[in-house]
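Peer 1: Using the sequences plus the hints, can you model the full thing?
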Amino acid sequence: MAVLTPELRAQAEAIVARYPRPRSAILPLLYLVQSVEGWVSPEGLREVAELLGLRTAEVEAVATFYTMIRPRPTGRHVVNVCTNLSCALRGGRDVYAAAREAAGLRPGEESSADGLFTVREEECLGACDGAPVMQVDFANHERVTPERARELLDALRRGEVPAPSRGAAPRDFRHACRILAGVEDLA
Amino acid sequence: MSDGPRIITAHWGDERVIPYEGYVRVGGYEGLRRALAMSPEEVIAEVKASGLRGRGGAGFPTGVKWSFVPQDTGKPTYVVCNFDESEPGTFNNRELVEREPHQVLEGIAIAAYAIRSNLAFIYCRGEFLWPGSVLRRALEEAYEHGVLGERVLGTDHRLDVVLHRGAGAYICGEETALLSSLEGYRGQPRQRPPFPAIEGLYASPTVINNVETLCFVPHILRNGASWFTSIGTERSPGTKVFSISGKVERPGNYELPMGTPFRVLLEEHAGGVLGGRALKAWTPGGSSTPMLTAEHLDVALDFESVQQAGSMLGTGAVMVMDETDCMVEAVRRMVRFYAHESCGKCTPCREGTWWVSRVLDRIEAGYGRPEDLPLLEDLVPNLLFRGFCPLLDGAVSPVASGLRHFREEFERHIEERRCPFTGRGSATGVAEPPAPPAPQEPAPGPVPLSEVLG
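Residue numbers (the numbering used here), protein chains in the order written: chain A, 1 to 187; chain B, 1001 to 1454.
Calculated directly from the structure, the hints in this document are not laboratory data. Every residue gets a Cβ at the ideal spot worked out from N, C-alpha and C, and that includes glycine. Be a bit skeptical, because a hint or two may be false.
Here's a subset of chain B near chain A, in silico, CB distances under 7 angstroms, partners left out [to be verified]:
hint, residue
1, ALA1037
2, MET1038
3, GLU1041
4, ALA1045
5, PHE1091
6, SER1133
7, ARG1165
8, ALA1167
9, ARG1186
10, PRO1251
11, GLY1252
12, MET1334
13, PHE1337
14, ALA1339
Peer 2: Laid out in structure tokens, this is it:
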């Protein structure tokens, strides 16, 4: 079954039209597919390839280079915890451990069995003044303690959208991907 | 902040400058207006005369970069704003965009006019969801008010700006890797020459500037080159937004004149080391710049002085470590970043960062061997300048500077078979780090070979 509906295909074509050369649209198109599937499946790769006149393998080669393009099913919420130096100096590793525990992850697991969370140890998120930093669906939460991390995951479990430290937050990972594709904006 | 002129952060805290009208009220787009009244060559000459140097790390003179763009190739020219801020410890681009998004747009518009470009791109780091949205709104406003589009501020100059979001790759901050990514390929660096000014995006002449660099441009056009050179030092004119984080009382971005002593940034602006503890180490410009120590408190923060002290100004990202922080762990963490972000193109980087990481992992875990330090010391000169791009040099910086300034901490880890700071190690039952990193689960349903072959 096709990943992109006729409406989304029209959006995809509008994305391609932004660029002098179609291939430049590969990342936004992968985000668009990801906003539907929550990851990019082989079928999703095929559709992007077809839209751009590329071979599937060429799209796959690009998709696998970038950590924000997900090659496997992903939780409804993606939680990134920075453990790079500035955050580590302020306790980022404890926050990461707490987030994993609150998500119910076993060692080696990245996503929770209930499909709710993917928790990732992230590199510097460019907000070191607010260390330790944790992102929920790419919205920043700053000066997070292990306790606060547990609260945030509990709130997500209840279906809430916790207010980030700055700006607005997307509803979930798929919503974030629509914004990243440039077809929707944050409130 | 107290003393000194603030140029590009002067309006921080005033939310009224975020929308277009508020930005114009404080003199916004006046620099662009002045530029449009000049010839493109005059604009380049003015920026050249200001001595503005790139704030993204390399410190190359901005006006000189612009002047390299040929106008007789028959190809279009492009401006690319590098907003892929990801050097560990660096966070000024993000705040510049969040607090005054039109400032960088004005800089882009001036750069585009100067090199006669009708299309500019902003390469926004993927993880910057909110800052990207702030930019997107500012772009819409700029089109509505005729700053962008068919007739820039009523002139014959046409300019479109496309916001492009990255997808999580540090290497895309390197300018040729950024271009590969923007063209829709894996973000891997390219051979230079040709430099992007000659053959950049789509093999066309391209100027790539960092957000902070572009933010200065409108002010230089508004106030003149000689005003800019009166601030800072002779060879590093102007101000710099320093990002300071880690063990300080008030982490944040502080705009200070180039040449301000580190002591002033640390003690007067960032409130000193957290909890009044003693300073142990600091990076002047992100984790890819060699660490300095408490002996370097009076080093002036400008390109030349920091280099004289044995490091680099880089992005001006200062990460502070105090007397309670383990330097082996700090170096280990910094190197792991480069091992993770290595794009895999060249062997010295792909393999070198991984092996250095392995050695550091085992030293920190209490499994270090006496021969490990000579091994690391042998690796340093064999990796430095041996990579395809500067990423590998960045990975070497923490190792080389860690061994230079804190060798005895490495020795203690090996002798005591544990980390002297945490007390944890092989002596207390910590397991030896596993050899290979945990493999990721394969993606389900591989693409059939028939499709690979097309």
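Peer 1: For each hint, tell me whether it holds in the structure or not.
Peer 2: Each hint tested on the structure:
1. ALA1037: violated, 29 angstroms
2. MET1038: Hint violated; B/MET1038 Cβ to chain A Cβ min 28 angstroms, cut 7 angstroms.
3. GLU1041: violated, 26 angstroms
4. ALA1045: At about 29 angstroms, which exceeds the 7 angstroms cut-off, the nearest Cβ of chain A leaves the hint on B/ALA1045 violated.
5. PHE1091: Nearest chain A Cβ about 5 angstroms off; hint holds.
6. SER1133: Since the shortest Cβ distance to chain A is 4 angstroms, the answer is holds.
7. ARG1165: For B/ARG1165, the interface hint holds, since the closest Cβ of chain A sits about 5 angstroms away, which is under 7 angstroms.
8. ALA1167: Holds: closest Cβ of chain A sits about 4 angstroms from B/ALA1167, inside 7 angstroms.
9. ARG1186: At about 4 angstroms, which falls below the 7 angstroms cut-off, the nearest Cβ of chain A leaves the hint on B/ARG1186 intact, so it holds.
10. PRO1251: With a closest approach of 4 angstroms, the B/PRO1251 hint holds.
11. GLY1252: Given a least distance of 5 angstroms, the restraint on B/GLY1252 holds.
12. MET1334: This hint holds: B/MET1334 lies near chain A, its Cβ roughly 6 angstroms from the closest one there, short of 7 angstroms.
13. PHE1337: holds, 5 angstroms
14. ALA1339: Violated, about 11 angstroms.
Hint compliance for this structure: hints 1, 2, 3, 4, 14 are broken, all remaining hints hold.
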